[in-house]
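Engineer: Chains as they are written, first to last, in this note's numbering: chain A, 6 to 307; chain B, 20 to 274.
A few of these clues could be false.
To be verified - DSS-like mimics (lysine-lysine), calculated; alpha carbons at most 30 Å apart, straight line:
#, chain 1, residue 1, chain 2, residue 2
1, A, K278, B, K248
2, B, K91, A, K278
3, B, K219, B, K91
4, B, K91, B, K49
5, B, K49, B, K218
6, B, K240, B, K49
7, B, K91, B, K248
8, B, K240, A, K278
9, B, K49, B, K248
What the hints assert, rightly or not - What follows is a list of derived Cβ distance ranges for each label pair:
#, chain 1, residue 1, chain 2, residue 2, range
10, B, Q36, A, R113, 20 to 26 Å
11, B, R65, A, E201, 25 to 31 Å
12, B, G111, A, S188, 36 to 42 Å
13, A, D154, B, D212, 55 to 61 Å
14, A, A179, B, K218, 27 to 33 Å
15, A, E116, B, A230, 23 to 29 Å
16, B, R241, A, E296, 43 to 49 Å
17, A, T117, B, K218, 53 to 59 Å
18, A, H190, B, D40, 35 to 41 Å
19, A, V118, B, A42, 19 to 25 Å
20, A, D75, B, E107, 18 to 24 Å
21, B, A171, A, V161, 38 to 44 Å
22, B, G71, A, D154, 53 to 59 Å
23, A, S188, B, A171, 44 to 50 Å
No lab work stands behind these hints, which were simulated from the structure alone. It should be emphasised that the depicted structure is a prediction, and the values quoted were computed from it without experimental measurement. Note that beta-carbon positions come from the ideal geometry of N, C-alpha and C, so glycine has one too.
The chain contents come next:
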Amino acid sequence: MSSTWIVVAGDPTVGTLVETGRTIGGELVALVLGPRSTAQRVACAGVDRVVWLGEPGSAPLEAFAGAAADLVAAGRPQVVLAADRAADRVLAGAVAARTGAAALGGVRQVETVDGVVQVVRDALGGIVRERLALTGPTVLVLDGGALPDEGVPAPVEEVAVTPAGVRVVEEHPAAVGGPDLHSAHRVVAVGRGLRERGDVAIAEALAVALDGATACSRPMAEGVDFFPRDRYVGVSGQRVTPDLYLAAGISGQVQHMVGARGARIVVAINTDKDAPIFRECDYGVVGDLYEVLPALTEALGR
Amino acid sequence: MTIVVAYKWAANPQDAQVGADGAVDLSRAKPGVSEYDPVAIETGRRLADATGAELVGLSVGGPQVGTSMARKAALSRGLDRLVVVADEALDGARAATTAAVLAAQVREIGDVDLVLTGDGSVDEGAHLVPAVLAGHLGWPLLVDVTAVERAADGGLRVTRSVGAGTQVLEVDGPAVLSVAADAVVPRVPGMKDILGAGKKPVAEATVGQVAVSEPAVVGRKRPALAQRKGRLLTGADTAAVAAELVAALRADGVL
C-alpha cells in the first residue's frame, strides 16, 4: 500500500484533506510549510507523521515549494492532497511537476472503487461534473475544510532545506478584517448593481442586522476595489455555505453561482427580472437594491 | 533577456450548453485570449519596454490555438513574436500535461528569465498550470502579482496581494509570476495593431514527450442544482415585500 501525502502551506485548516486521506488508506503523511505552530496543529489532526521544513524566516512559503516537492517525491505517493488556497496550489503544482503526477483542481469527492481511486470534480468552471479514474500518481486540489479535531500528536520531523532566492521585504497587512466569510451563517453579497463605494454601507447595515458578513461578486473586488480581494464569491474566489445567501445586484453568472450554491437558502434581489440568478433562488425580489436592502434592514429591526 | 507570457486560447463556459448527460456543446461559445491573460501580456509589454527585453507569447492547446485569428488576437496585444504548439493531442489537455509542454517550450526558447501568466483561465480556472510550470522549471512562483519591476541588480521587485493586504518581495533568479486580474488595464488592440500582428513572427513547435498519466473519464453529468423554491415576491410596496421576505426567512429558520 503506498502512502498518501497532504501538503500544507501555512494554514492548518485541512480537516477535509485528513478525512479524504484516511478514506484512501495507507500511511498518511503531512508535509508542512510555515511556522512550528502550523506543523504542531497538523500533527494533532489525525495524520501518521509530519515532515516540517522549519521556520520560514523572511522567505515566502512559495520559496520552499521546490525543496518540499523533492521530499514528497522521495515518499513516492500515489495521491497527494492540497487545499484550494493560493500558496497551497503553488506547492501542489511543484509536487506534480517533480513527481510527474497529474494535477486536478475543483475536486469535490474522492473514493476508492474496486481498488482504484476515483475523483468527482467540477470541470469548465462548474458547468459540468466529471468522474475520473486515476491512472497514476495524481495531485488533488480540494476545499481544505475546517480546522481538524485535535487528537494525539503524531511525530514531527524537522528537515532543514534551503529556500529559493525570494525575500519578503515589505508587509502591508489589511487595515480591517470584518467577520469571517466561511463561518458566517448569513452572507449579504453585492454586485455591479452597487454604484459607489460609499454605498457598501447599505449592504453592511443589512449584514449587521442579520448578524452576518458581507461579500461581493468578482468585479467588486478587482478594478473598483469596493471590497478586499478575499471577499469575492465565485469559482476562483471564495466558496461559501451559509444558511442564507442574499445576493443583491448580482446577475448570477455561473462563475459566481458556483461559489454560492452551497447555501441553504438563496435570496436574489435584482432590477432585471430576466437575470439568471432568479432561476437559482428560493426567494426573488425584482427591485432596486437601494430600496430593498434598507427596507429589509428596517424589517429585521422590528 | 526574454520574457515569456504563457496564455490560453479558450471559450467562456458561460456560453456553453450542457446536456443532461453532461455533454458540453461549445459551438456557441466563441474562443479568445482567455479573459485575464491580456493583463499578463500588458504587464510583460511594459516591463519589456522598460528593460529592453524581448516579449514572446507562448500558447499550447488544440488546433484552434494555431489559427490565424488566434495568432493575431494574441500578437495584436503587444507581443513581439509567438510560439504555439497547436495539436489535436492537446485539445482539452489537463493542467499537468499543458504545463509540461509549456515548460519544454520555455527551455527551447532559451535565455528566458521571467514567465508571466494571467490569473486563472476563463474555462477551468483551477490556477494550477503556472504552479506546475514553475515546478518543471525549478523556479519560484508568486501569484496575485499587482506590480513588477526590474531591480538595479538584475533581480525582480514584485508586489502581490495576500488576503486583503499586500507584500513586496525581492526575487534573485528567474521566476514565474501570475499577474492579478486588475494589475494593469490592458490595451484594446486597434486596426493598426491587428494588421501589424499579421507580420510578426510565429514559430510552430511540436508536442514532444509528455510522461504524465492523466486520469480516465468514467462519467460526466450536468451538476444537479439544489431544488430551490423559486418564489418571486412582488408588490409596489417595498416595505411590505421586505416584511414578507423576513417572515418567510424566519419560517425557514435561517434568521
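Engineer: If a hint holds in the structure, say so; if it doesn't, say that too.
Structural biologist: Checked hints:
Under the criterion of a C-alpha separation no larger than 30 Å, the hint pairing A/K278 with B/K248 is consistent with the structure, at around 16 Å. Using a Cα cut-off of 30 Å, the hinted pair B/K91 and A/K278 is violated, with the two alpha carbons roughly 39 Å apart. For a cut-off of 30 Å, the pair hint linking B/K219 to B/K91 stands: about 9 Å separates their Cα positions. Proposed proximity of B/K91 and B/K49 is supported: the alpha carbons are some 15 Å apart, at most 30 Å.
Restraint check for B/K49 and B/K218: the C-alpha separation of about 24 Å stays at or below 30 Å, so the hint holds. For the given pair, B/K240 sits about 23 Å from B/K49 by alpha-carbon distance, which is consistent with the 30 Å threshold. Taking the CA atoms of B/K91 and B/K248, the gap is about 47 Å. The hint is violated against a cut of 30 Å. At most 30 Å may separate the alpha-carbon atoms for a hinted pair to count; B/K240 and A/K278 meet this at roughly 29 Å.
Distance restraint check for B/K49 and B/K248: the Cα-Cα separation of roughly 33 Å exceeds the 30 Å cut-off, and the hinted pair is therefore not satisfied. Between B/Q36 and A/R113 the beta carbons are some 22 Å apart, a value that agrees with the proposed interval 20 to 26 Å. A hinted range of 25 to 31 Å holds for the C-beta pair B/R65 and A/E201, which are about 30 Å apart. Between B/G111 and A/S188, the C-beta spacing of about 37 Å keeps the proposed range 36 to 42 Å intact.
Taking the beta carbon of each, A/D154 and B/D212 are about 58 Å apart, inside 55 to 61 Å as hinted. Evaluation of the 27 to 33 Å hint for A/A179 and B/K218 yields a failure: the beta carbon distance comes to about 47 Å. Distance hint check: the CB atoms of A/E116 and B/A230 are about 27 Å apart, consistent with the given range 23 to 29 Å. Separated by about 36 Å at the C-beta atoms, B/R241 and A/E296 break the suggested range of 43 to 49 Å.
At roughly 56 Å, the beta carbons of A/T117 and B/K218 sit within the given window of 53 to 59 Å. Checked against the given bound of 35 to 41 Å, the beta carbons of A/H190 and B/D40, roughly 37 Å apart, stay inside it. Checking the proposed 19 to 25 Å range against A/V118 and B/A42 shows it holds: the Cβ atoms sit about 23 Å from each other. Separated by about 35 Å at the C-beta atoms, A/D75 and B/E107 break the suggested range of 18 to 24 Å.
Evaluation of the 38 to 44 Å hint for B/A171 and A/V161 yields a pass: the beta carbon distance comes to about 42 Å. Judged by the Cβ atoms, the range 53 to 59 Å given for B/G71 and A/D154 holds: they are separated by roughly 57 Å. Separated by about 46 Å at the C-beta atoms, A/S188 and B/A171 satisfy the suggested range of 44 to 50 Å.
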